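**Q** Chain by chain, the residues run as shown.
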Amino acid sequence: MAIEIIVPKLGLTMEEAVLVSWSFAPGDKVAKDQTVLVLETDKVSYELPSPGDGLLHPLVAPGATVKVSQVVGYLAGDQAELATLRAEPPAAETDKAQPAAAALDSRASKDRRTPSPASADLAPKRIKASPLARAMAAKEGLDLASIVGSGPAGRIVKADILRALAGVQPAVATAGAGADSPTLTPTQEIPITGIRKAIFQNMHHSLSSQAQLTLHTEASAANLVRLRRKLNQRQGKDATKVSFNALIVKAAALALRLHPLINASVEGEALKVWRQINIGVAMDLGNGLVVPKLRHPDQKGVRAISQEILVLAERAQAKKLTLADLAGGTFTVTNLGAWDIDYFTPIVNSPESAILGVGRIVEKMVPVNGQGVAEPRLSLSLTIDHRVIDGAPGAAFLKTVKEFIEEPLLMLE
Amino acid sequence: MAERRLSASAALAEALREEMTRDETIFILGEDLVSHSGIFGQFKGIPENFPGRIIDAPISETCVAGCGVGAGLTGMRPLVDFHFSDFVTCAMDELCNQAAKIRYMFGGQVKLPLVVWCPDGAGLRAAAQHSQSLEAWFVHTPGLKVVVPSEPADVKGLIKSSLRDDDPVMFFQHKRLFAKEGPVPEDADFIIPLGQAAIKRPGADLTFLTYGSGYHLCLQAAEELAAQDILAEIVDLRTLKPLDMETVAHSIQNTNRAVVVHEACVTGGFGAELAARIQVELFDYLDAPVLRVGAKDVPIPFSPVLEDYVLPSVAEVIEAARAVTYR
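Protein chains in written order, with the numbering used here: chain A, 113 to 525; chain B, 660 to 986.
Read the hints as simulated data drawn from the structure, not as lab findings. Please note that the accuracy of each hint is not assured.
[As the list claims (entries may be wrong)] Facing chain B, according to a computed beta carbon distance under 7 angstroms, are these residues of chain A, among others: (1) S242; (2) P243; (3) V260; (4) A265; (5) G266; (6) V269; (7) K270.
On a predicted model such as this, the values are computed, not experimentally measured, just so you know. Here a beta-carbon is modelled for each residue, glycine too, at the ideal position from N, C-alpha and C.
I would like the entire structure built from these sequences, with the hints used as guidance.
**A** Take a look at the structure:
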């Protein structure tokens with residue numbers, strides 16, 4: 113009996129993934145626990161260990177979107193079983209299964225050893241374009257996928273190609289809508305899928321399930337700036353630079369130790385106060401964001417934390433974060449200082465109960481003994497779930513963070 | 660030369676007089692022709708000037724067509740008059756089984772010069788049996804040539820070519836266009852060869868492929884579209900068979916969009932043939948599907964309100980033009 117290769121559920125919210133590649137050609141012998149295929153969800157890429165030994169019979173082409181629990185292939189016990197599988201795919205499979213396998217076979221015959229890469233021509237979504245637009249795009253070397261169609265059902269037409277060649281966005285006014293028409297016409301339609309869908313759902317779930325309250329304060333960053341400069345001067349050029357983020361994460365982690373109720377989640381009818389402190393750091397990907405977790409930053413030095421943040425950022429950009437990188441958060445730090453933001457109202461990364469928003473460090477005049485003195489100041493915003501954290505305990509936590517930032521030596525305590 | 664304007668009827672009569680003077684084998688055969696010079700006055704001046712060469716036949720289209728085929732085979736150049744194109748059904752064997760096939764079945768040893776003159780079209784409140792546009796039937800019959808002029812000058816130039824042609828020609832002239840005037844060259848040798856379309860209005864945004872009464876719909880639509888900054892090119896096909904695909908292709912290569920407009924009903928109409936050829940021969944030039952505008956698929960109603968509803972309108976032509984230009 114052939115062994116089914118099934119898409120695993122890699123996270124609570126995972127419903128589908130892209131099958132990026134098969135690691136073996138059809139008919140190849142695969143041993144148990146060898147990586148048989150690579151999946152990519154909206155957050156992670158995952159190498160699926162083979163569920164057993166056998167000869168590979170894939171049902172789904174690379175690049176296809178697959179559902180959790182979908183059977184995407186089989187491992188045949190012997191050549192006879194493989195031949196049977198090839199002849200008649202099991203009835204449970206989709207009608208797309210056979211052509212996909214056929215496509216794979218033809219690829220494999222060209223290059224037996226190389227797993228097929230994700231391929232646009234097998235992607236499920238067909239690009240609609242007029243014959244002329246296709247011919248023009250081919251002649252000019254334009255990728256139709258990068259062009260927004262203004263015709264019916266998004267059809268790419270001559271005008272869109274001409275606009276693309278001129279480097280112009282599609283005109284707003286299209287069929288039926290003149291310049292003065294009140295009818296809105298989109299210049300493009302972006303499907304809400306993948307990472308955007310996840311953000312869409314998580315943000316809405318967070319705000320609809322929690323009672324969120326944001327507290328703001330401002331801290332002197334003079335000592336923090338000085339400390340960071342010293343730390344970075346002490347080591348050679350090759351050492352990882354200590355980042356402000358790392359110092360703030362460290363301060364937050366130690367403050368969480370002193371305020372354990374902030375480091376908690378509602379689960380069912382109970383508030384669970386976590387033993388571990390794992391702080392997520394929000395990272396912008398350009399087309400979405402991810403929040404990989406730092407493990408136990410309360411127990412680590414700021415240089416190690418800086419290094420970890422760098423590694424996670426690289427992995428995030430390369431879409432190489434693992435499930436482990438994203439799981440088990442207890443608190444989140446998000447920093448918009450780079451965009452000159454002072455205060456904001458971050459949304460809690462549910463089921464966590466609080467998130468610290470970090471603004472920019474900017475010089476301000478502060479009164480010292482009646483005299484105005486220029487001082488770098490850092491704005492801080494803490495959003496808490498008021499269902500479980502009242503205003504005063506939340507403020508007390510934020511005050512501790514502020515004290516640690518203003519006097520980092522206090523963290524030694 | 661000063662521009663001289665004639666009605667389509669007058670242009671036809673002038674051409675016939677010129678040709679009958681030039682070639683004494685030409686004669687006209689039909690029903691009730693002599694006393695009225697044709698029921699639409701289309702043969703004005705001919706009974707007086709060419710006595711005996713315009714002949715009244717019994718009320719039998721079978722007879723008229725059969726005589727035409729026989730006369731053509733035996734050295735004459737007959738023009739047979741069908742009163743209403745709808746009556747061709749009574750002569751289908753003579754036209755489609757005999758006239759169309761004789762040259763082939765005799766291995767090219769005979770020729771059949773024959774012009775079948777058919778007043779066609781709707782809009783005269785003449786009901787279902789006197790209003791049809793049947794050109795597609797004959798395009799579908801190998802061996803026949805099919806001509807559908809739209810303007811008086813085309814009538815003159817094309818009827819002369821048809822009379823001089825050695826093969827049977829179905830010549831459809833729209834009844835509602837008889838009185839419509841236009842410039843017509845006085846030149847007795849003015850000829851428009853069969854199989855030659857004309858770009859009658861240049862434009863860059865789309866091509867109207869049309870003929871007969873459809874041309875006038877397109878002309879009006881093109882005027883209104885120009886006000887919306889949509890520039891329509893009008894190709895008047897004039898002859899459907901042989902078809903001037905070269906001119907069609909040239910135009911579509913420039914505009915990338917085409918709308919076929921004819922008064923005949925859309926299903927199975929000549930637009931279907933054109934659309935099919937365009938998608939095969941010009942696929943990579945098309946920026947939009949080829950659209951067709953024609954009559955709805957019903958017998959032409961007698962009720963004026965319903966007749967106007969069934970026939971293609973300028974508004975429909977404009978709508979199709981906007982659809983293919985995505986405007």
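**Q** Hint by hint, note whether the structure agrees.
**A** Hints and how they fare:
no. : hint : result
1   : S242 : holds, 4 angstroms
2   : P243 : holds, 5 angstroms
3   : V260 : violated, 13 angstroms
4   : A265 : violated, 12 angstroms
5   : G266 : violated, 12 angstroms
6   : V269 : holds, 5 angstroms
7   : K270 : holds, 4 angstroms
Checked against the numbered hints above, the structure violates hints 3, 4, 5; every other hint is satisfied.
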